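From first to last, the protein sequence lines stand for chains A and B.
Counting the first sequence from 1 gives a position; this note's numbering is that position plus 50.
Counting the second sequence from 1 gives a position; this note's numbering is that position plus 6.
Worth double-checking, as some hints may not be accurate.
Okay, derived cross-link-like pairs now, SDA-like style, lysine to any residue, Cα gap no bigger than 20 angstroms in a straight line [claimed, not checked]:
id: 1; chain 1: B; residue 1: LYS170; chain 2: A; residue 2: THR64
id: 2; chain 1: B; residue 1: LYS170; chain 2: A; residue 2: GLY71
id: 3; chain 1: B; residue 1: LYS170; chain 2: A; residue 2: PHE375
id: 4; chain 1: B; residue 1: LYS170; chain 2: A; residue 2: PRO67
id: 5; chain 1: B; residue 1: LYS114; chain 2: B; residue 2: TYR127
id: 6; chain 1: B; residue 1: LYS281; chain 2: B; residue 2: GLU266
Since the hints were derived computationally from the structure, they do not count as laboratory data.
This structure is a prediction, so every number in the text was calculated from the model and none was measured.
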Amino acid sequence: MAGLKEYLVRRAITFIPTLLGVTLIVFIIANIIPADPARAWAGGERARPEIVERIKREYHLNDPWYVQYVFVMKGIISYFISPSHEGAIVDPLTSKYVFDNIFIRFPTTFQLALFAEIFILTIGIPLGLISALKRNTWIDTFVRFFALTGTSMPIFWFGYLMMWVFFSHLRWTSLAGVPLPRCYESGTCPVTTYIPIFDALVAGEYDIAMQIIRRFWLPGFVLGFRAAGVLARIVRNSFLDALSSDFIEFAKAKGLPKRWVWKHALKNAFVPVITVIGLQFGGLLGGAVITETVFGLPGIGRYAVNSINYLNMPAVIGVTLMFAFMYMLVNLMVDIVYSALDPRIRY
Amino acid sequence: MTLVSEEVYEKKILDKVTDRLVDSVAKVIDRFKPGWSIKNRSKIDEWKLMFYAFNRSPPGLIGAALILGFIAIGIFGPYFATYSYNSFLFIEHEETYLVPPWSTVVSKGKTFYFPLGTDKYGRDLLSLILYGARVSLVVSMIVIALGVPLGIVLGLVAGYFGGKIDEIIMRITDTFLAFPALILAIAFAAVLPERLRPMIIYNEQLKILLSIFFAADPKDAANFAPILSVILAIIIVWWPGYTRIIRGSVLSVRENLYVEAAKALGVSTWKILTKHILPNVISPVLVLITLDVGAVILVEAGLSFLGLGAQDPMVDWGKIVWDGAQYFPDRWWLVLFPGLATFLAVLGWNLVGDTLRDVLDPKTRRSIEFKVKKKKLATTSEEGGAS
Numbered sequence: 051m052a053g054l055k056e057y058l059v060r061r062a063i064t065f066i067p068t069l070l071g072v073t074l075i076v077f078i079i080a081n082i083i084p085a086d087p088a089r090a091w092a093g094g095e096r097a098r099p100e101i102v103e104r105i106k107r108e109y110h111l112n113d114p115w116y117v118q119y120v121f122v123m124k125g126i127i128s129y130f131i132s133p134s135h136e137g138a139i140v141d142p143l144t145s146k147y148v149f150d151n152i153f154i155r156f157p158t159t160f161q162l163a164l165f166a167e168i169f170i171l172t173i174g175i176p177l178g179l180i181s182a183l184k185r186n187t188w189i190d191t192f193v194r195f196f197a198l199t200g201t202s203m204p205i206f207w208f209g210y211l212m213m214w215v216f217f218s219h220l221r222w223t224s225l226a227g228v229p230l231p232r233c234y235e236s237g238t239c240p241v242t243t244y245i246p247i248f249d250a251l252v253a254g255e256y257d258i259a260m261q262i263i264r265r266f267w268l269p270g271f272v273l274g275f276r277a278a279g280v281l282a283r284i285v286r287n288s289f290l291d292a293l294s295s296d297f298i299e300f301a302k303a304k305g306l307p308k309r310w311v312w313k314h315a316l317k318n319a320f321v322p323v324i325t326v327i328g329l330q331f332g333g334l335l336g337g338a339v340i341t342e343t344v345f346g347l348p349g350i351g352r353y354a355v356n357s358i359n360y361l362n363m364p365a366v367i368g369v370t371l372m373f374a375f376m377y378m379l380v381n382l383m384v385d386i387v388y389s390a391l392d393p394r395i396r397y
Numbered sequence: 007m008t009l010v011s012e013e014v015y016e017k018k019i020l021d022k023v024t025d026r027l028v029d030s031v032a033k034v035i036d037r038f039k040p041g042w043s044i045k046n047r048s049k050i051d052e053w054k055l056m057f058y059a060f061n062r063s064p065p066g067l068i069g070a071a072l073i074l075g076f077i078a079i080g081i082f083g084p085y086f087a088t089y090s091y092n093s094f095l096f097i098e099h100e101e102t103y104l105v106p107p108w109s110t111v112v113s114k115g116k117t118f119y120f121p122l123g124t125d126k127y128g129r130d131l132l133s134l135i136l137y138g139a140r141v142s143l144v145v146s147m148i149v150i151a152l153g154v155p156l157g158i159v160l161g162l163v164a165g166y167f168g169g170k171i172d173e174i175i176m177r178i179t180d181t182f183l184a185f186p187a188l189i190l191a192i193a194f195a196a197v198l199p200e201r202l203r204p205m206i207i208y209n210e211q212l213k214i215l216l217s218i219f220f221a222a223d224p225k226d227a228a229n230f231a232p233i234l235s236v237i238l239a240i241i242i243v244w245w246p247g248y249t250r251i252i253r254g255s256v257l258s259v260r261e262n263l264y265v266e267a268a269k270a271l272g273v274s275t276w277k278i279l280t281k282h283i284l285p286n287v288i289s290p291v292l293v294l295i296t297l298d299v300g301a302v303i304l305v306e307a308g309l310s311f312l313g314l315g316a317q318d319p320m321v322d323w324g325k326i327v328w329d330g331a332q333y334f335p336d337r338w339w340l341v342l343f344p345g346l347a348t349f350l351a352v353l354g355w356n357l358v359g360d361t362l363r364d365v366l367d368p369k370t371r372r373s374i375e376f377k378v379k380k381k382k383l384a385t386t387s388e389e390g391g392a393s
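Just need the whole structure built from these sequences, with the hints factored in.
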């Protein structure tokens, strides 16, 4: 697999201009605000002038924009390069490193996206396959309707409706706190992935795992609902395309068992499906902002919105960079899976 | 002169209505370009057929009805609202605080009827939703009217000229596409108002124009800035998708012989782009535009739910939900009705887009056309097979 390694290196190099462009865009955004961020960070109108002055000096706010940009970029890079985080960029409101703040909140968002993805795959793929097999029947119409409803649903509205049903009436979910495995505190986790549900399961703390599921299944469902219907439609269409292609006709004519015909069709149908799943993941990250707000989950989406409201630009730059990086990483993974599934695609 | 299609197909009332529509559009074009409708008879026939196919799809018709309703409410709703968005009845009539739907309130000798209840300021929810429709309509229309052409032009230029121009445009496009759109829109919508506010406040004409657009009091001019920034923010994140799609199609279309021929004949670049390339790459985008109107409404509602966009006292569907969410689920109407309005408006655009995809796609189109029953007329000869 020497080709793969080369390909990864090449892709990683193409990341760099895009990431630089991303920081530049965010930086332009940060420089649009005429309001004085230093004053806002120091506590608003009544902040003491010497403190405001000190913050301005620390963040190079009086310097021209390129000096500021270099300062911010240095702050980001040095967090990841030096083990002691010397010179890394600090969140002016919490006085912690920006990326520390992000990594504390990351597991919540990731876990939310994970639950959403589980719903998307377990609802979307079977529904799509069924509606392809029972084409033009009531179930096909239902899937079409389901997909349209999903894409038309304002996610916040759907969130409140589901909350009303499953929390206010049925009490099938909880809405407070974020349960963490006990072994985080005692430091006795056998493996630490920083994804609470995995760690809890591995450590055998099934009660905590149940609590996590109780807390996360509804937000995950709400977040995944939209994408599930769309995925079902995509699966249906590409499965139908594959079934009507020549090699399937040939396989049938050759008298292959049905199971084998299916295997060929599925393998070919899933190439476009994988791309859609990858692209949808980016949508999940965006949608997570609203879902986290509705369900009171302290993830990076909430952190982003709060930082924007306080003009906390170091944090905004960190968060957007993080989102862009994850988005690109998912795209890269999609490409790799793609080439593994489809031997015609060479990297 | 009768058109071919009129003799062949069995028509319902709706088909006659859409026939009229197409004919009158043709007449309008005729006025500017005499002789157009005779030259383009087959095109007019094609349009009519498309409408027949559309008319036979119940989801499409429901969608069209929802869209028409949304547009009508967006345009006329604010004028029919019983109360203004800034009539805070609660100040004088305490009984109007968070009144449930379908209730009549009698206070200080006055009788108020609130079909959908009131919010915490005693404002009539139905009126607020009518005002919110205007904001949604204006935002989505402006975003589509500015963002889509921007994306299309950049895509045309990048695809046609290639080389360095292509490289630069596509690098920028990729950078914008590297963000989840909502995150970038949030960032822009949050920082732009401070810049836009002075522009609006000190510009009387703009103030008046925007107050007509948003059906708002010019006194609230300071609050136009956040809505305007939402519009700008969505445009900024919306164009790259179109650029990428158009560029991809242009790359294949520009290799066609007819483009080569036009070049050899000395047709100007502008004319080649608009007359020869654009018509051939636009049709997949048409469906996308319809679907995107709904998507823009959703993004806008989401942004205003997060506290960006309309600010008090102005309203917007997302904002009504956010304000009402703190009383949820006891005061459910503040969340249910504005959310339902958003849902139905977006559903309308999606239904129409979904149907249009089938109608415009030559593969599925034929199968729909077969459903349009042909009249068996003994007198019609071979002509009957035309379509």
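**Message:** To test your reading of the hints: which numbers does this structure violate?
**Reply:** Hint 3 alone not satisfied by this model.
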